[in-house]
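Engineer: Residue-level listing of the chains:
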Amino acid sequence: MAFKAYYLSPDGYLHRDLSEKEVREAFQSNQGLLWGDICETTEEDGEFLARNFGFHRLAVEDCVSPLIRPPKIDDFGDHLFMVVHGINHKGESDIVETAEVAIFLGPHFVVSNHNESLYSVDAIVKLVEEDARPMRRGADFLAYTLIDALIDNVLPTIDKMSDVSDQIEEEVIHNPQQSTIEDILKLKRSIMRVHRVMAPQREVLNRLSRREFSIIGEEAGIFYRDVYDHIVRIEDLGQSLRDRADNALATHLSSVANRQNETMRVLSTVATIFLPLALVAGIYGMNFEYMPELGWHWGYFAVLTFVGAAIIAAVSWFWARKWIAWSRRRVARFRPFAVEPEKLVGYVGLVRKWSHL
Amino acid sequence: MAFKAYYLSPDGYLHRDLSEKEVREAFQSNQGLLWGDICETTEEDGEFLARNFGFHRLAVEDCVSPLIRPPKIDDFGDHLFMVVHGINHKGESDIVETAEVAIFLGPHFVVSNHNESLYSVDAIVKLVEEDARPMRRGADFLAYTLIDALIDNVLPTIDKMSDVSDQIEEEVIHNPQQSTIEDILKLKRSIMRVHRVMAPQREVLNRLSRREFSIIGEEAGIFYRDVYDHIVRIEDLGQSLRDRADNALATHLSSVANRQNETMRVLSTVATIFLPLALVAGIYGMNFEYMPELGWHWGYFAVLTFVGAAIIAAVSWFWARKWIAWSRRRVARFRPFAVEPEKLVGYVGLVRKWSHL
Amino acid sequence: MAFKAYYLSPDGYLHRDLSEKEVREAFQSNQGLLWGDICETTEEDGEFLARNFGFHRLAVEDCVSPLIRPPKIDDFGDHLFMVVHGINHKGESDIVETAEVAIFLGPHFVVSNHNESLYSVDAIVKLVEEDARPMRRGADFLAYTLIDALIDNVLPTIDKMSDVSDQIEEEVIHNPQQSTIEDILKLKRSIMRVHRVMAPQREVLNRLSRREFSIIGEEAGIFYRDVYDHIVRIEDLGQSLRDRADNALATHLSSVANRQNETMRVLSTVATIFLPLALVAGIYGMNFEYMPELGWHWGYFAVLTFVGAAIIAAVSWFWARKWIAWSRRRVARFRPFAVEPEKLVGYVGLVRKWSHL
Amino acid sequence: MAFKAYYLSPDGYLHRDLSEKEVREAFQSNQGLLWGDICETTEEDGEFLARNFGFHRLAVEDCVSPLIRPPKIDDFGDHLFMVVHGINHKGESDIVETAEVAIFLGPHFVVSNHNESLYSVDAIVKLVEEDARPMRRGADFLAYTLIDALIDNVLPTIDKMSDVSDQIEEEVIHNPQQSTIEDILKLKRSIMRVHRVMAPQREVLNRLSRREFSIIGEEAGIFYRDVYDHIVRIEDLGQSLRDRADNALATHLSSVANRQNETMRVLSTVATIFLPLALVAGIYGMNFEYMPELGWHWGYFAVLTFVGAAIIAAVSWFWARKWIAWSRRRVARFRPFAVEPEKLVGYVGLVRKWSHL
Amino acid sequence: MAFKAYYLSPDGYLHRDLSEKEVREAFQSNQGLLWGDICETTEEDGEFLARNFGFHRLAVEDCVSPLIRPPKIDDFGDHLFMVVHGINHKGESDIVETAEVAIFLGPHFVVSNHNESLYSVDAIVKLVEEDARPMRRGADFLAYTLIDALIDNVLPTIDKMSDVSDQIEEEVIHNPQQSTIEDILKLKRSIMRVHRVMAPQREVLNRLSRREFSIIGEEAGIFYRDVYDHIVRIEDLGQSLRDRADNALATHLSSVANRQNETMRVLSTVATIFLPLALVAGIYGMNFEYMPELGWHWGYFAVLTFVGAAIIAAVSWFWARKWIAWSRRRVARFRPFAVEPEKLVGYVGLVRKWSHL
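Chains A, B, C, D and E supply the protein sequences, listed in that same order. Residue numbering for the first sequence follows our numbering, starting at 1 and increasing by one per position. Residue numbering for the second sequence follows our numbering, starting at 1 and increasing by one per position. Residue numbering for the third sequence follows our numbering, starting at 1 and increasing by one per position. Residue numbering for the fourth sequence follows our numbering, starting at 1 and increasing by one per position. Residue numbering for the fifth sequence follows our numbering, starting at 1 and increasing by one per position.
The set of hints was computed from the structure by calculation and includes no laboratory data. There may be inaccurate statements among the hints.
Claimed, not checked - On the chain C side, residues computed to face chain B include the following (Cβ under 7 Å):
1) N30
2) D226
3) R233
4) D236
5) D243
6) V256
7) M264
8) V270
9) T272
10) A278
11) I283
12) G285
13) F288
14) E289
15) L294
16) G295
To be verified - DMTMM-like, lysine to aspartate or glutamate: derived pairs with alpha carbons at most 25 Å apart:
17) K72/E / E171/A
18) K72/E / D236/A
19) K72/A / E61/B
20) K72/E / D229/A
21) K72/B / E212/C
22) K72/E / E235/A
23) K160/A / E61/E
24) K160/C / E61/B
To be verified - Here are the computed distance ranges between Cβ atoms for each label pair:
25) D75/D / F213/E: 13 to 23 Å
26) D131/E / D75/D: 29 to 39 Å
27) D163/D / A199/C: 18 to 28 Å
28) S214/E / D75/D: 16 to 26 Å
29) F213/E / E212/C: 35 to 45 Å
30) K21/D / S214/E: 40 to 50 Å
31) E25/C / G217/B: 51 to 61 Å
32) G308/C / G308/B: 16 to 26 Å
33) V315/E / R321/A: 17 to 27 Å
34) A310/C / A320/B: 46 to 56 Å
Just so it is clear, CB atoms sit at the ideal spot from N, CA and C, and this is done for glycine as well.
Bound conformation, chain A alone:
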């Protein structure tokens, strides 16, 4: 149990590292803003939540369960229970994992749960410890900040996927291999995964931004709408990546078929030229006693000349039918529309994310 609690009292003072008793008092005061964050939620945490906040058993079970929970929003009258998914981006590392946060949102409290330490939550904790800024505009804003930070990590991930996509497209054209197919399919599956995580979230954020719930104020609604727009954009970029992956796959398969075609042509050409000539040589290698040509003085040279002429004629003919050629590569002509998403990351940073604070 890693439980951290902050309480911003109505007079604007930030209390830290609250004990269980202080948490309960802050919760029951019904003023100010209480933020509790549980990392690596355990059974004990479940009991803690049920005991002090009186949350519904099923919601608490959802927090405690190690299973993946689909994004959703449940209205319990005086508070909301949300599950939101995003990306836990581990700095430099190449490992990117999906992450989920469960949030209880009431008029004067926010309780967030997550099974692993999340970079986005850590960043907000840091800001709160500095000067409590993210907590000063109310519970709905604090929840928005948590959700926005989680989802903002998705764009860099899609950017990284876009880089991989570039490399794959390069490889498909210049050096297609069996492992390229596997790369494409892995990429596609990752994109599908992001899509399946984001699609239900679109609905959740739409409901939040429509201010269907009285806990979300009018001002905050506009910010939730902004997160909704981000998800729409993410889905659009994801769709674009999926198209690219499908195209790369089609190009690869056609390229493999093409190479096989070339291989077969080489084989056919070689067999068509040399099998008949080998028959000619075989015939004059027969040991019949009476074979008049064998006695001719220029017979051997006539055969040599015939063989040489036949090879030259056949190669010319195959060349004319374009079965063989020095270089078969023509550069594709059509330039698609530009403005594919690039250099997304640089700008999307902490500056933007909390500029409203």
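Dock chains B, C, D and E against chain A, hints included.
Structural biologist: Frame of chain A, contents of chains B, C, D and E only:
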């Protein structure tokens, strides 16, 4: 006819093994909670239901029929008739079957029907016989418990499918065979089957959780909503498995095409090298009387040298064009996102399922 | 014109073989129940309907037209005009045809039209002639009986398709041929045809069962709902068959690709082994005067040994690379979920269909 | 500018070839029925419409524009502006073109525009000139007649497509060629084109038949509903044709793969039999001095016998493995459901189309 | 920062090159029409907008962000914020880029933002500088003019794509190459891109044309509806192009498979003819001492005759089985429906676009 009936009288006493007359009296008392469970429903059971409960002919026919009934919910005013599908998980065995339960739900009675003995119903019967716990919170809760137990068995099945999927992916990459395709298609069909059983159920549970029916109380509605969430999760996992199966199929087909390509290259290489050389040997095997080279002292060795040099040159050239190589296997680079569903089963057990009792 | 008319007067007496005048009188009496059935509708029948019943020109034209009419329901205020599709199952024969019935339904009359003699209508005519049972519960019930009988014939057809599907799956695995593909595609097209006939009917029956039309009483609505459930089940089974056909197609294609692969491997193996050895034999068949090996006593045996050793080595190597093998067939491991629809027919009979009468 | 105008005055007299002044007077009289038809609409026609009828600039621009306009309906309060698509069937010729008509419909006027001379409009003009029948039932009926005539031309086109489909299916099975693929794809594209023209029209006709617009009377609404039903039928037939085209494509591809398979088998069989035997002959053609077999009296006959036996054994073995056979063609067994649309055209004629007049 | 501002005062006089102070005054006067256009929006522009117009922070951030924003419309009560996408067509050049404009629309002001200089905006600036025409009909008309100009550039782009499609179809049939596949896939991706940009815009324009927002007057609504119709048409043309690209792909793949088939047939034919004959020659090249045929006077000529006859017989047989032929090309028979979009561009010009001014 295997009919069991339990009656929890308003004073909290549990009556067991009721006779037909006791059942009818309990039903007409309109208080307490009567639970009747019919296993391997026969024509006689149909008459029994019509005689004692006055259920509608068509609903009774639905119970008696050995046909598969799609999930549905019919509102008969004073009671509901539901058909719910799930998995009948037979312990250790590898056999997994779909199962269906038909439930009549009134304010004071629950009558459940199923054509085979079901593990999920047996577990609840056991709990009822212990201390009647599942019946103490009313008819809507008892029905929920039956439905939840049935559907909770689906997750371990999907977990098992996930294991099969792992093996198939392993096999597709390291040892693809014709039977692998059949495994993939069988797996995909099973996933589709679960999807088609679950999809209409989503609608049924949604209607139950929205409390469209007055028989479902507000408290129970939250629990039905929880089952709804389970189905959403099952569909999500199923979709993920379907993607994996599709990818495995694509990988397999591309791998088969690739191997054929390699086979063709070997053939073409061999033919391209040895057919021309065989012609050379054939020419010097001809029996012309006047073939000056045959008399040259080093003629034979010149031919041998030419043959050797030609083989080396051809192999080098094919090597450079990458038509042949020692090992063509490159490890795929891109690491997809983690957190695929794993270790689902351990936690999902009886503990969770009736923790609300 | 094959017109039959029955009139059940309010006193419960059944009049048969009514003349045109009697039909008109019964129709104008606005009590009892009049049933007119027209088989092989002609222009004259159209005039007859317009003259005696005053039906709308367009509806009458629809009846008379030999064209296929999509399932639909038109509300003409005091009566409904419905087009319903089903299967005309010709007993033993292998021929299965789609059939359609157009029904005018008023509070006191039912007029049904069909272009061919239908087994389902004949069965009801027989029941009416016996004791008028299907007519005793009102016009809405008579119309239900006609529709239900027509649609109940679809299930045995799907059962027959399921049998064909079994045979095809067997054939795909053990003896795939080009004609198998054609069988699969024909089956698939038949399934699609049933789907396209059933899908719009679902909507028609849904509207009838919702009692959107005052002519359909509350009691009859439940029965129409039952037909709706049948259609849902038919669609579910059809979807399952479509999946099976798609899988059979994929298995077949992969199996063809696999066999071609094996063929190519045999060819490559043979060429790779014997072409180089033929070169060796060709070289020692050259007629150079000075070839020292030819004079060696054991030269011939050395070559024989080399050839034998090379063949054994190559076969071993190809065996190790699994290019060739005695038996390549591994049995597929994964057992899909059971409970595919089987033995559907036996139970679905006249007993069930009119058990409500 | 080819402008024709007819005015049916309230006393039932038909005025023809109206001048611009007469048109304006008839339009402003607000009684009787004015029909103006513009063929090959020009800029001048646009000015004419704006000047005399006061139609909205954008609607007039839509009429004048040579661009394709999607089917739509705009409500301008006192009149409707509709764009309807159909087929302009040029009698005997094989050329079938899509056609569109723009219609302004007011309570007392109909103004139709089209860019080419249309057979369907010509037929109605002829009927009007005879006895003004199509104009006697009001503006909404005249508009219906125009739309119905345009759309009725689609069915014969689909019938023609169905004939082409029959030929293609025949060819796919008995004589598949590369051009067959192109035929299939062209047919499919035509079907798609009809679908894309008809699909939005379904919505337009649905709105017209629901009498959403007060200009459409109750009586006319039933006739618009009839056109709607036609479109539904057209879509159904089109879907059926699309399925057939897809099946033909799949059959063709599988047939090509099958033939390639047979080709490869012949090649492999020949190579497997003759390459090893050629090695045997090559070995005994070597010139070693000491080859004991060469001196054996029956050596040559032993080799001949071995070669013959080997060929017979190999052919038998390949025959048994079914690699080679005399005839590989088995007739497909499964008979699909009958009643594909055929002989559609005969009946659909002018008789039916204006039988309501 | 490239900021241009125009103010049309209520007395119809056009003020140009307003200073920041004048802009603010014009904005606060709440009469006349103020148009501000920002090109290459920077952070400073953001501050400028926030300072003088008081737009919401998030909308300003959206303007400033270099990221792609999905089309949308946000209602801020007294003004709307829209993002619209189109094509920035660079005259002669082959480069076509997507472009987006963000528009703030109030009753008396329009503020437009774009990251690059746009040809469509420049054209309107020019018209405004001439005689302020686009500004004389109010803010909603000015916004319409901007949006219409942006979207009208899409049609020529689709026309260009259609030309590329023509070339590709030509190439697929007469000279299919690997690069053709890449061209097809690039074209398809471009079409998808246009589709994904246009699809959400359809919704935006639909909302604008339904006059859901009070800022859009009834008169302007009809013009927004016209833009909506354009988008529908663009989507229809795009769908048609997508079908063509899919067909071209299928034709290409089938053509590649066909060529491979022909290659294999040539190879099989050659091998089947010459391998057995080579065996015959090899047999008579053996050095057995006792081979009676070798002594026959006509033996050699008998073998020559046999070889010749065998070659002729084999070629005839393969010819009869249609394995080889001079020309296999048959012209496709079926003529698809005409009226594919062509010559779209000529007419779509400035004339039409602002003809309402």
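Engineer: Would the hint on T272/C stand, with a C-beta cut-off of 7 Å toward chain B?
Structural biologist: holds, 5 Å
Engineer: Take the shortest C-beta to C-beta distance between I283/C and chain B; is it under 7 Å?
Structural biologist: Constraint on I283/C satisfied, holds at 5 Å.
Engineer: For the hint on D243/C, just tell me whether its beta-carbon gets within less than 7 Å of chain B.
Structural biologist: Holds: closest Cβ of chain B sits about 5 Å from D243/C, inside 7 Å.
Engineer: Take a quick look at whether K72/E and D229/A sit within 25 Å of each other, Cα to Cα.
Structural biologist: holds, 8 Å
Engineer: Under 7 Å is the threshold here; is the Cβ of D236/C close enough to any Cβ of chain B for the hint to stand?
Structural biologist: holds, 6 Å
Engineer: So if I understand the rule, the pair passes when the alpha-carbon distance is 25 Å or less; does K72/B with E212/C pass?
Structural biologist: holds, 20 Å
Engineer: Does the alpha-carbon distance linking K72/E and E235/A stay inside the 25 Å limit?
Structural biologist: Given that 25 Å is the threshold and the Cα spacing comes to 14 Å, the pair holds.
Engineer: Is it true that F213/E and E212/C lie within 35 to 45 Å of each other by Cβ?
Structural biologist: With Cβ atoms ~36 Å apart, the hint holds.
Engineer: Hey, does the R233/C contact hint survive, CB to chain B under 7 Å?
Structural biologist: Holds, because the Cβ-Cβ distance from R233/C to chain B comes to roughly 5 Å (cut-off 7 Å).
Engineer: A310/C and A320/B, beta-carbon distance inside 46 to 56 Å?
Structural biologist: This hint is violated: roughly 27 Å between Cβ atoms.
Engineer: Between V315/E and R321/A, does the C-beta distance stay in 17 to 27 Å?
Structural biologist: holds, 19 Å
Engineer: For the restraint on D226/C, tell me whether the closest CB of chain B is nearer than 7 Å.
Structural biologist: Nearest chain B Cβ about 5 Å off; hint holds.
Comparing the model with each numbered hint stated earlier shows that hints 1, 6, 8, 15, 16, 17, 19, 34 do not hold.
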